[in-house]
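Since the structure of chain A is already known, use the hints to place chain B on it.
Protein chains in written order, with the working numbering: chain A, 1 to 195; chain B, 1 to 224.
What the hints contain is simulated information worked out from the structure, not anything from laboratory work. Using N, Cα and C, we set each Cβ at its ideal position, and we do this for glycine too. Heads up, some of the hints might be wrong.
To be verified - Which stretches of chain B does chain A cover? Using the computed rule of at least three CB atoms under 8 Å from a CB of chain A, they are:
| no. | region |
| --- | --- |
| 1 | 14 to 26 |
| 2 | 178 to 185 |
What the hints assert, rightly or not - One side of the interface only, derived from the structure: several residues of chain A facing chain B at Cβ under 10 Å:
| no. | residue |
| --- | --- |
| 3 | G38 |
| 4 | I82 |
| 5 | D89 |
Chain residues, written in single-letter form:
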Amino acid sequence: MPSAVDAVSDESLLAGLAAGDPDAASAFVNRFQRRVFGLASTIVRDRGMAEDVAQEALLRAWRHAASFDPRRGTVTTWVLAITRNLAIDTIRVRRPTAVDPSSLPGIDLAAANPSPDEIPGLRDDVDQVRGALAELPEEQRRALVMAGLLGYTAREISEIEEIPLGTAKTRIRTALMRVRRALHDDNVVELESYR
Amino acid sequence: MTALECADVRENAPELALDVMSGPDRAAALEHVSECADCRSVVAEFTEAVDVVPFLAAEAEPPLGFHDRVVREMTAPPRRSRRWWPAVLAAAAVMVAVVVAAAALFATSPGGSTRATAAGHIPPVAGNARSAVMVGDGNEAVGRLFVTAREPALMMVSVDYPVPSGSYTVQQRGDHGATHRLGEMQVADGHGTWGGVTADDHHGSIQLVDPAGAVLCESRIPTT
Chain A
1 MPSAVDAVSD
11 ESLLAGLAAG
21 DPDAASAFVN
31 RFQRRVFGLA
41 STIVRDRGMA
51 EDVAQEALLR
61 AWRHAASFDP
71 RRGTVTTWVL
81 AITRNLAIDT
91 IRVRRPTAVD
101 PSSLPGIDLA
111 AANPSPDEIP
121 GLRDDVDQVR
131 GALAELPEEQ
141 RRALVMAGLL
151 GYTAREISEI
161 EEIPLGTAKT
171 RIRTALMRVR
181 RALHDDNVVE
191 LESYR
Chain B
1 MTALECADVR
11 ENAPELALDV
21 MSGPDRAAAL
31 EHVSECADCR
41 SVVAEFTEAV
51 DVVPFLAAEA
61 EPPLGFHDRV
71 VREMTAPPRR
81 SRRWWPAVLA
91 AAAVMVAVVV
101 AAAALFATSP
111 GGSTRATAAG
121 HIPPVAGNAR
131 SAVMVGDGNE
141 AVGRLFVTAR
151 EPALMMVSVD
161 YPVPSGSYTV
171 QQRGDHGATH
181 RLGEMQVADG
191 HGTWGGVTAD
201 DHHGSIQLVD
211 PAGAVLCESR
221 IPTT
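With the rest of the complex left out, here is chain A (with noise of 0.2 Å):
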């Protein structure tokens, strides 16, 4: 049965977790586990190895809760961030092998399966953001996910994919802008300026 906990919002659940409230690190584990070890499961491709990430990030979360600051992002952004840059270490030490985008199982495009915790407008966005990704060229795709989830520089993109730095550069830059104009449909003139 869900407890009172369950229906704060992610902020004021992580003022509890920072406090040492025991529902409250229930609650954030429950709410955040599933998309913390989705997330690692994408990026280090090993059920063990993703689920050690996924704990060692949720437990940062947890040590670094009183750090957080809400001006920079929302609490699932900080937590997927946090995922991410121990998902990526951890699959740094494994290479120069090589991966393919399209093999990643988690990579999910068309997924509609929102958590029932998830801020609306954030999964309007995010919505967006697949729909945008799900018309890029295949080239630009790969690029977005290799450096957006892998952690690959551009320079390791142009070896994996034998092109040109530059191209790397560009497909890089244009599936993140298409990102942006999918978050802001009116507004993205400035950044298509500096191109």
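Then chain B, alone, in the frame of chain A:
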């Protein structure tokens, strides 16, 4: 600030936002961005797009018992290892060695000053220890890095930096971008110190990283 510098930074803005630039290039770009509001705005806009990329990964159900294990770690009282003394002795030995090395460095610096040279490095002292400045996002000196010449190198990082109190990761970033976690530094009221041993490869940079993975300050490991 020249237009060419801005053009260079803006060309690399996506990679800077994605945090996939190599150490030296990243440091140079951050230095520019800290002084250029227009470039900072461009990077921030790419960062906004970068933040939603992790949401593209589908959710997945963790293994049975995962929730309970994590919550148990969060709520359990601090445990004391039964084999506490080897770790304490090792840590004490490291700190003593580093402090001795640092003291030797101070003793041979004019007036005992730790002020940085123009290049940010202080020359090696009797082959024992070297020092460099930890540089913050705004290219300001926010701390110091001491490292001994022996292998494995002993290291001490101290910061005087107005960041929120809490625990920060000390990591070594190699010249090719790979990072290696060295330990955790507790920062209280803007002050923190960490001592330990470097990875086998003594090249690259030492970075202080916040919980979200952002590099707060860094220093090249001095080699000469």
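Verification of the supplied hints:
1. Coverage of the region 14 to 26 of chain B by chain A holds in this model, with 8 residues showing a Cβ closer than 8 Å to a Cβ of that chain against a need of three.
2. Counting residues of the region 178 to 185 of chain B whose CB falls under 8 Å from any CB of chain A gives 3; the rule of at least 3 is met.
3. The beta carbon of A/G38 is positioned within 10 Å of a beta carbon in chain B (closest approach about 4 Å), and the interface hint is therefore held.
4. Here the hint on A/I82 is kept, as its CB sits about 6 Å from the closest CB of chain B, short of 10 Å.
5. With 10 Å as the threshold, the beta carbon of A/D89 comes within range of chain B, its nearest partner Cβ sitting at about 5 Å, so the hint holds.
In the structure shown, no violation is registered for any of the earlier numbered hints.
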